[in-house]
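Colleague: Model the full structure from these sequences, guided by the hints.
Here's the letter readout for the chains.
There are 2 protein chains.
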Amino acid sequence: MKEPEKPIAPDPTPAQVLPKNFLRPCLLLLLREQPAHGYDLLERLRPLGFNRDDPGRLYRALRTLETDGLVRSVWEKSTSGPDRRMYELTREGMELLHESVTSLKATYEILGMFLSRYTEFVALRPPKKSPAPRD
Amino acid sequence: MKEPEKPIAPDPTPAQVLPKNFLRPCLLLLLREQPAHGYDLLERLRPLGFNRDDPGRLYRALRTLETDGLVRSVWEKSTSGPDRRMYELTREGMELLHESVTSLKATYEILGMFLSRYTEFVALRPPKKSPAPRD
DNA sequence: CCCGTCTAGGTGCGCCGAGCATATGGGTGC
DNA sequence: GCACCCATATGCTCGGCGCACCTAGACGGG
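Here the protein sequences line up with chains V and F, keeping their order.
For the record, in the first sequence the residue sitting at position 101 is 126 according to the working numbering, with numbers rising by one throughout.
For the record, in the second sequence the residue sitting at position 67 is 92 according to the working numbering, with numbers rising by one throughout.
Source of the hints: derived by calculation from the structure; they are not laboratory data.
Take the hints with a grain of salt, since some may be wrong.
Said to hold, decoys possible - Calculated pairs, DSSO-like style, for lysine-lysine (alpha carbon to alpha carbon, straight line, at most 30 Å): (1) V:Lys130 - F:Lys102; (2) V:Lys45 - F:Lys130; (3) V:Lys45 - V:Lys102; (4) F:Lys45 - V:Lys130; (5) F:Lys45 - V:Lys45; (6) F:Lys102 - F:Lys45.
Claimed, not checked - Which residues of chain V face chain F? A partial, calculated answer using Cβ under 10 Å: (7) Ala40; (8) Gln41; (9) Met111; (10) Lys130; (11) Leu140; (12) Phe146; (13) Ala148.
Unchecked claim - Chain V is faced by these chain F residues, among others (derived, beta-carbon under 8 Å): (14) Pro44; (15) Ala61; (16) Tyr64; (17) Leu67; (18) Leu70; (19) Arg71; (20) Tyr84; (21) Trp100; (22) Pro107; (23) Met111.
Being a predicted model, the structure only gives us computed values, none of them experimental.
Heads up, the beta-carbon is just placed ideally off N, CA and C, and yes, glycines get one too.
Modeller: This is the structure we're talking about:
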């Protein structure tokens, strides 16, 4: 058996697990910072943890945001390349962004509590030959 | 029609959206701190953001953890009340907890970035009669 | 004795987010 | 003509999650 291509080290970053619908607030934030089209958002999403290349998900999320009235879009003719659908935030979108932030702050604090509880515990009990739970 | 009981103010906390499989690492952490049975874990989960009463989910998660070899359980006879299934962590479980923490740290940082980016932006652009996006 | 309540553990089921593959089509350069 | 980039999508499957519901022992009151 021969490995077809080396998929070695597919994620140098430890593959964060993002909150459930994190894409939505991220898009709202990016669009609040600056209106954009999908392909552009795909790039600007990277520093927010979306390293994986999944345009399909992005475009679906944008359409859903639009049917929910949180963003609105217009087609923009392009001389060099395909037309692009430009998105911008609605007032509803801004409001929901604000609510999302409130919610995500709570998430942030819970995560902080989890992490501090973990580090606190391992500080009390350094893993040098602990009572050795046998499996 | 008469309200049977006041369900007023169902969530004083703004209903945080937790990361995808957050229950798993939480259970691993709690069991690392101290072995316990399901019903007990249900209580100890509350400060970690699981305010909603969903025993089914918990027990399912525990069974899954066990089939994955991350915890092990024994039945414990009880004189006062039903028997209880006591869970404790395996070595694999501890290792996976450690990995989960690494991953969740990344999540934590990303969330922090999102939140600081939001607050930074609203600081630059206080919402007093902004250019008024019309819907 | 029956019944409600608390403790403890568990199943069924449908929805929807997430991941992955695949399709379409215009523009540019070889 | 063909490969490649840009740009926008659709199809499909899987699993987490939420909600409802079920079983059963112990205990106390009417």
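Colleague: Work down the list of hints and note, for each, if the structure agrees.
Modeller: Structure-based check of each hint:
For the proposed pair V:Lys130 and F:Lys102, the alpha carbon gap of about 43 Å is over 30 Å, so the pair is violated. With a CA separation close to 16 Å, the supplied pair V:Lys45 and F:Lys130 stays within the 30 Å bound. Note on V:Lys45 and V:Lys102: the hinted pairing is violated, with a Cα-Cα distance of about 35 Å set against a maximum of 30 Å. Among the hinted pairs, F:Lys45 with V:Lys130 is consistent with the structure: their alpha-carbon atoms are about 16 Å apart, no more than 30 Å.
Between F:Lys45 and V:Lys45, the direct Cα distance comes to roughly 6 Å. Compliance with the 30 Å bound is thereby established for this hinted pair. At roughly 35 Å between alpha-carbon atoms, F:Lys102 and F:Lys45 are farther apart than 30 Å, so this suggested pair is violated. For V:Ala40, the interface hint holds, since its Cβ comes within 10 Å of a Cβ in chain F; the closest pair sits about 6 Å apart. Interface hint status for V:Gln41: upheld, as the beta-carbon distance to the closest one in chain F is roughly 4 Å, under 10 Å.
This hint is violated: V:Met111 has a C-beta 13 Å from the nearest C-beta of chain F, more than the 10 Å allowed. Here the hint on V:Lys130 is kept, as its CB sits about 6 Å from the closest CB of chain F, short of 10 Å. Evaluation of the V:Leu140 hint against chain F yields a held restraint, the C-beta minimum of about 6 Å falling below 10 Å. With its C-beta approaching chain F no nearer than about 6 Å, V:Phe146 sits inside the 10 Å limit, and its interface hint holds.
Annotation: V:Ala148 was flagged as interfacial toward chain F, and the flag is violated, the nearest CB pair being 13 Å apart, outside 10 Å. Below 8 Å, beta-carbon pairs count as interface contacts, and F:Pro44 has one with chain V at about 5 Å; its hint therefore holds. Using the Cβ-Cβ criterion of 8 Å, the hint placing F:Ala61 at the interface with chain V is not satisfied: the shortest such distance is roughly 15 Å. For F:Tyr64, the interface hint is violated, the least distance from its beta-carbon to any beta-carbon of chain V being 21 Å, above 8 Å.
Hint on F:Leu67 is violated. Least Cβ distance to chain V is approximately 17 Å, over the 8 Å limit. Interface hint at F:Leu70: violated, since its Cβ lies 11 Å from the closest Cβ of chain V, which is beyond the 8 Å cut-off. Checking F:Arg71 against chain V by beta carbon gives a least distance of about 11 Å; that is not within 8 Å, so the hint is violated. Evaluation of the F:Tyr84 hint against chain V yields a violated restraint, the C-beta minimum of about 21 Å exceeding 8 Å.
A distance limit of 8 Å between C-beta atoms decides the matter here; for F:Trp100 the minimum to chain V is near 19 Å, and the interface restraint is violated. Among the interface hints, the one on F:Pro107 is violated; its C-beta lies about 26 Å from the nearest C-beta in chain V, farther than the 8 Å criterion. Nearest Cβ of chain V to the Cβ of F:Met111: about 13 Å, over the 8 Å cut. The hint is violated.
The structure fails to meet hints 1, 3, 6, 9, 13, 15, 16, 17, 18, 19, 20, 21, 22 and 23 from the earlier list, while all remaining hints are met.
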